[in-house]
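Asker: Line by line, the protein sequences are chains U and H. According to UniProt numbering, the first sequence holds residues 1 to 460 in order. According to UniProt numbering, the second sequence holds residues 1 to 616 in order.
If you're looking for bench data, these hints aren't it; they were derived computationally from the structure. All values derive from a computational prediction rather than experimental measurement. Cβ coordinates follow ideal geometry from the N, Cα and C atoms, glycine included. One should not assume that every hint holds.
Stretches of chain H that chain U covers, calculated by requiring three or more beta carbons in the stretch to come under 8 Å of a beta carbon on chain U [unchecked claim]: (1) 202 to 215; (2) 224 to 234; (3) 248 to 260.
Derived DSS-like pairs (lysine-lysine); straight-line CA-CA distance at most 25 Å [to be verified]: (4) K209(H) with K279(H); (5) K363(U) with K307(U); (6) K285(H) with K350(H); (7) K280(U) with K307(U); (8) K268(H) with K257(H); (9) K433(H) with K443(H); (10) K246(U) with K363(U); (11) K69(U) with K209(H); (12) K268(H) with K256(U); (13) K209(H) with K130(U); (14) K429(H) with K448(H); (15) K435(U) with K69(U); (16) K8(U) with K69(U); (17) K130(U) with K207(H); (18) K124(U) with K246(H); (19) K130(U) with K199(H); (20) K130(U) with K201(H); (21) K8(U) with K21(U).
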Amino acid sequence: MNFSEVFKLSSLLCKFSPDGKYLASCVQYRLVVRDANTLQIVQLYTCLDQIQHIEWSADSLFILCALYKRGLVQVWSLEQPEWHCKIDEGSAGLVASCWSPDGRHILNTTEFHLRITVWSLCTKSVSYIKYPKACQQGLAFTRDGRYLALAERRDCRDYVSIFVCSDWQLLRHFDTDTQDLAGIEWAPNGCVLAAWDSCLEYKVLLYSLDGRLLSTYCAYEWSLGIKSVAWSPSSQFLAVGSYDGKVRILNHVTWKMITEFGHPATINNPKIVVYKEAEKSPPLGLGRLAFPPPRAVTGPLSSPESKYEIAEVPVSLQTLKPAADRANPRIGVGALAFSPDNYFLATRNDNLPNAVWVWDVQKLRLFAVLEQLSAVRAFQWDPRQPRLAICTGGSKVYLWSPAGCVSVQVPGEGDFQVLSLCWHLSGDSLALLGKDHFCLCFLETEEGVSTAFGQRGDHT
Amino acid sequence: MGDWMTVTDSGLSSENKNISQYTSETKMSPSSLYSQQVLCSSIPLSKNVHSFFSAFCTEENIEQSISYLDQELTTFGFPSLYEESKGKETKRELNIVAVLNCMNELLVLQRKNLLAQENVETQNLKLGSDMDHLQNCYAKLKEQLENSRREMIGLQERDRQLQCKNRNLHQLLKNEKDEVQKLQNIIASRATQYNHDMKRKEREYNKLKERLHQLVMNKKDKKIAMEVLNYVGRADGKRGSWRTGKTEARNEDEMYKILLNDYEYRQKQILMENAELKKVLQQMKKEMISLLSPQKQKPRERADDSTGTVISDVEEDAGELSRESMWDLSCETVREQLTNSIRKQWRILKSHVEKLDNQVSKVHLEGFSDEDVISRQDHEQETEKLELEIQHCKEMIKTQQQLLQQQLATACDDDTTSLLRDCYLLEEKERLKEEWSLFKEQKKNFEKERRSFTEAAIRLGLERKAFEEERASWLKQQFLNMTTFDHQNSENVKLFSAFSGTGSDRDNPTVHSRPRQKKPHSVSDGSPVCTSKLARSLPASPSTSDFCKTRSCVSEHSSSVSALNVTPEETRPSQAGRECADQKWSMASRPGSQEGCHSGCSLPYTNSHVEKDDLP
Numbered sequence: 001m002n003f004s005e006v007f008k009l010s011s012l013l014c015k016f017s018p019d020g021k022y023l024a025s026c027v028q029y030r031l032v033v034r035d036a037n038t039l040q041i042v043q044l045y046t047c048l049d050q051i052q053h054i055e056w057s058a059d060s061l062f063i064l065c066a067l068y069k070r071g072l073v074q075v076w077s078l079e080q081p082e083w084h085c086k087i088d089e090g091s092a093g094l095v096a097s098c099w100s101p102d103g104r105h106i107l108n109t110t111e112f113h114l115r116i117t118v119w120s121l122c123t124k125s126v127s128y129i130k131y132p133k134a135c136q137q138g139l140a141f142t143r144d145g146r147y148l149a150l151a152e153r154r155d156c157r158d159y160v161s162i163f164v165c166s167d168w169q170l171l172r173h174f175d176t177d178t179q180d181l182a183g184i185e186w187a188p189n190g191c192v193l194a195a196w197d198s199c200l201e202y203k204v205l206l207y208s209l210d211g212r213l214l215s216t217y218c219a220y221e222w223s224l225g226i227k228s229v230a231w232s233p234s235s236q237f238l239a240v241g242s243y244d245g246k247v248r249i250l251n252h253v254t255w256k257m258i259t260e261f262g263h264p265a266t267i268n269n270p271k272i273v274v275y276k277e278a279e280k281s282p283p284l285g286l287g288r289l290a291f292p293p294p295r296a297v298t299g300p301l302s303s304p305e306s307k308y309e310i311a312e313v314p315v316s317l318q319t320l321k322p323a324a325d326r327a328n329p330r331i332g333v334g335a336l337a338f339s340p341d342n343y344f345l346a347t348r349n350d351n352l353p354n355a356v357w358v359w360d361v362q363k364l365r366l367f368a369v370l371e372q373l374s375a376v377r378a379f380q381w382d383p384r385q386p387r388l389a390i391c392t393g394g395s396k397v398y399l400w401s402p403a404g405c406v407s408v409q410v411p412g413e414g415d416f417q418v419l420s421l422c423w424h425l426s427g428d429s430l431a432l433l434g435k436d437h438f439c440l441c442f443l444e445t446e447e448g449v450s451t452a453f454g455q456r457g458d459h460t
Numbered sequence: 001m002g003d004w005m006t007v008t009d010s011g012l013s014s015e016n017k018n019i020s021q022y023t024s025e026t027k028m029s030p031s032s033l034y035s036q037q038v039l040c041s042s043i044p045l046s047k048n049v050h051s052f053f054s055a056f057c058t059e060e061n062i063e064q065s066i067s068y069l070d071q072e073l074t075t076f077g078f079p080s081l082y083e084e085s086k087g088k089e090t091k092r093e094l095n096i097v098a099v100l101n102c103m104n105e106l107l108v109l110q111r112k113n114l115l116a117q118e119n120v121e122t123q124n125l126k127l128g129s130d131m132d133h134l135q136n137c138y139a140k141l142k143e144q145l146e147n148s149r150r151e152m153i154g155l156q157e158r159d160r161q162l163q164c165k166n167r168n169l170h171q172l173l174k175n176e177k178d179e180v181q182k183l184q185n186i187i188a189s190r191a192t193q194y195n196h197d198m199k200r201k202e203r204e205y206n207k208l209k210e211r212l213h214q215l216v217m218n219k220k221d222k223k224i225a226m227e228v229l230n231y232v233g234r235a236d237g238k239r240g241s242w243r244t245g246k247t248e249a250r251n252e253d254e255m256y257k258i259l260l261n262d263y264e265y266r267q268k269q270i271l272m273e274n275a276e277l278k279k280v281l282q283q284m285k286k287e288m289i290s291l292l293s294p295q296k297q298k299p300r301e302r303a304d305d306s307t308g309t310v311i312s313d314v315e316e317d318a319g320e321l322s323r324e325s326m327w328d329l330s331c332e333t334v335r336e337q338l339t340n341s342i343r344k345q346w347r348i349l350k351s352h353v354e355k356l357d358n359q360v361s362k363v364h365l366e367g368f369s370d371e372d373v374i375s376r377q378d379h380e381q382e383t384e385k386l387e388l389e390i391q392h393c394k395e396m397i398k399t400q401q402q403l404l405q406q407q408l409a410t411a412c413d414d415d416t417t418s419l420l421r422d423c424y425l426l427e428e429k430e431r432l433k434e435e436w437s438l439f440k441e442q443k444k445n446f447e448k449e450r451r452s453f454t455e456a457a458i459r460l461g462l463e464r465k466a467f468e469e470e471r472a473s474w475l476k477q478q479f480l481n482m483t484t485f486d487h488q489n490s491e492n493v494k495l496f497s498a499f500s501g502t503g504s505d506r507d508n509p510t511v512h513s514r515p516r517q518k519k520p521h522s523v524s525d526g527s528p529v530c531t532s533k534l535a536r537s538l539p540a541s542p543s544t545s546d547f548c549k550t551r552s553c554v555s556e557h558s559s560s561v562s563a564l565n566v567t568p569e570e571t572r573p574s575q576a577g578r579e580c581a582d583q584k585w586s587m588a589s590r591p592g593s594q595e596g597c598h599s600g601c602s603l604p605y606t607n608s609h610v611e612k613d614d615l616p
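Kindly produce the complete structure, drawing on both the sequences and the hints.
Answerer: As structure tokens, this is what we get:
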């Protein structure tokens, strides 16, 4: 495992292009595009103000930079550096901006969710979509980029509109039987739309592309409901994480629950491997690391080294007592992610903030639990293989694979806190984002990694 | 004891006094006052006191005392103290003898009373201790009763408390339920209120939004604009098309196409899955049929009752197997047939398995009765035996291994040595066989020789007899020559012949067969029962030939004699020895075993004799 040098970064804005060739990052008002392999600067663009959001177009030809404070969107072309485009939303303001899947339209949401403006880069035409709903996830494109589903709110009722992305024609418009629609998400095959209610009511609705209600699922009443939803890449399962600390898996045939994954604070099953991150007190252990940092550590280490130990069951995980009198309590399953090969599901229960749970989807049971020393900030699956990268806001990055688990110290001067991370398309590299800096972590090829994991066997 | 005695004495005396008091009350007693006084006094029979208190009898009232005593004694049934009066006028005389007798009787009575008193006292004591014990027991039991009563009361109290608690809890539960219901109602009402308020607010918000929209959008905001250097081409290279009804229809079409594609994909998957499952079903069915066919008869018969046309179904099944291509069609009938046949087979299999289960459980149940114990014992024995065997085998193996190792250690080339050894073994075997046959022949020869020897011995005996007869005749002639009394000849001959046995015995002790022949006779002499029977058949002069005759005679009467044989042998264990006696016992019931009676003394002789018996 190799690490690049550290580059400056602001607002955690750093993204690989969809084709994997480039890496865009923002430093205040500048947009820097680098080659993803050599990290040479390819292009440098200067925006009018601090950039608050960037997004690559699907064909990797354009980058959108949103300057919400100014109500501006600036678009840059990679092929033609001199080409530029500036969209001003004026006094209507701007709260969100995104590309349409074809990479030629930009959807801007105005302040107060008054409307969504669809700007085209091909023609002068501008389309407006009224009454978008201000919610957690009100806009969803199908994976093939043909359709857009949009949550709307009219006359105190929730609606979903399905648009054809090629000409922004309304295809279907139907009301959903929800109190307060919180989010919508297409199944990866683009044929089923999942819509869920706000946390006050546990309700999942499944709609066909043509607007038919396929099924409704409600696990319980009265208490707080759904917190997170994720489709499996095969569209076979819909995982629903809720405030009761459980993940419920629905199947795509009957849309009934197959199984329920609880997140207990103590793990008693001896079959489950519990990896516990432990601080390594003597720095002598450095040489034993299977993933040794390639560069000599020049400055003093900001934090002690750590390693994983297999904890003896029963293990009790560190729990967080949620404040009952505060809104949005830190309980329930707040993060869910299926591995790209459908085999695993990673979850985080917010009142056990240090733990990541990995579930075996084939056997529908818990597979492993990773307990970190501090709260898990983010985790993301390698797009190519069942490998999970985790960061906790410390100077380490953690990798899990079915073979084992490894904790890697990110080398660098001073304190480099990994707040977020994103994988490269190929799974060969990983961008680690800190508050002011980012660096790339290059993983060995598959064989190298597997042997490395094998070497870690004694540590894990 | 002395103390006791004194106490009893005093008691007894007082009693006596009591009696006397009662009696004296009835009669006029001159000394009633005194006696009363005496009763009152705790120290009776003291002479000092008597004299002091001017006792019962004084010089003045002797007569009166005597008459009083007489009266008293007569009332108690004693004879009168006075002599029989001859006349009324004469004064009756005191009869000293009667007085003494009375005194003596009184003393005896006193002693008896004392004894009785003692007995009564001891009994009283015993009873007193018994009483104490019983009282103790009673107290204890009372205490126990009290305790248990108290305990019971405590338990009752606890029960009451628990019941109270339970009632309270029930009440609480009810309250809680009510509370829950109330809270749910509150939540629901609040939710509706909240929703209502939300709607109101949202409406206001929408109005505001609308207004804002108008204000912001309709002002012809110059700022809302897009500056672009030049428009870029579409990603697909096509030009944007106008929105018309046509495009709408096309969009619909495309949507349905996508949906159709998805459904087709899913259908294909389902078909594949179905095909797989059908294959599995088919295979299962085949296996079931093949599994059930050997024991088809029984379950079939049973299944006939319920399903009726099962046998015809089998033929159907066979037919179905041939047209497997039907499965792909998945038409209803085929599906039904398949499922039905599978179900039937399954039912059969199930019933079969259940039957087996029942059998197993039955066996188990039976096993739990007495049979199990025996079988277990048998098992244990068997296992023990087997273990022993295993141990033996192990030992053998061990020894063999050791031997092998030794041999291996000694012999360098094991193949050749083993071969050679095999050869040696074969050779040895043959040699042994030869030797065996030789040995057998020798044995036969030996037996022949023995037979000839016995025959020779018999012949010798005969010859000797002839010789003795000759000698007797020679002696006779000599005697006749010596004497001239012809008339006495016959008697003398008889005499000599009678003596000849003993004489020859004494003269020729070295003769080989003599002592052996003699012994059986002595045996028979020793046993009176036996001799009485044998003596009849025995001639006056016991000789070898006679003996042989008796032998055959005995063998003829074997069945009758056999019982008799036992007794004489038993009576003389010193001669036959223990083992022989035992042998006889076992042989006693067998016919022809009577010779054992004789052979008990000389085994070699009897052996030969038996063979001789077998010969004719």
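Asker: Give me the numbers of the hints this structure contradicts, sorted from smallest to largest.
Answerer: When the structure is compared with the hints, numbers 4, 5, 14 turn out to be violated.
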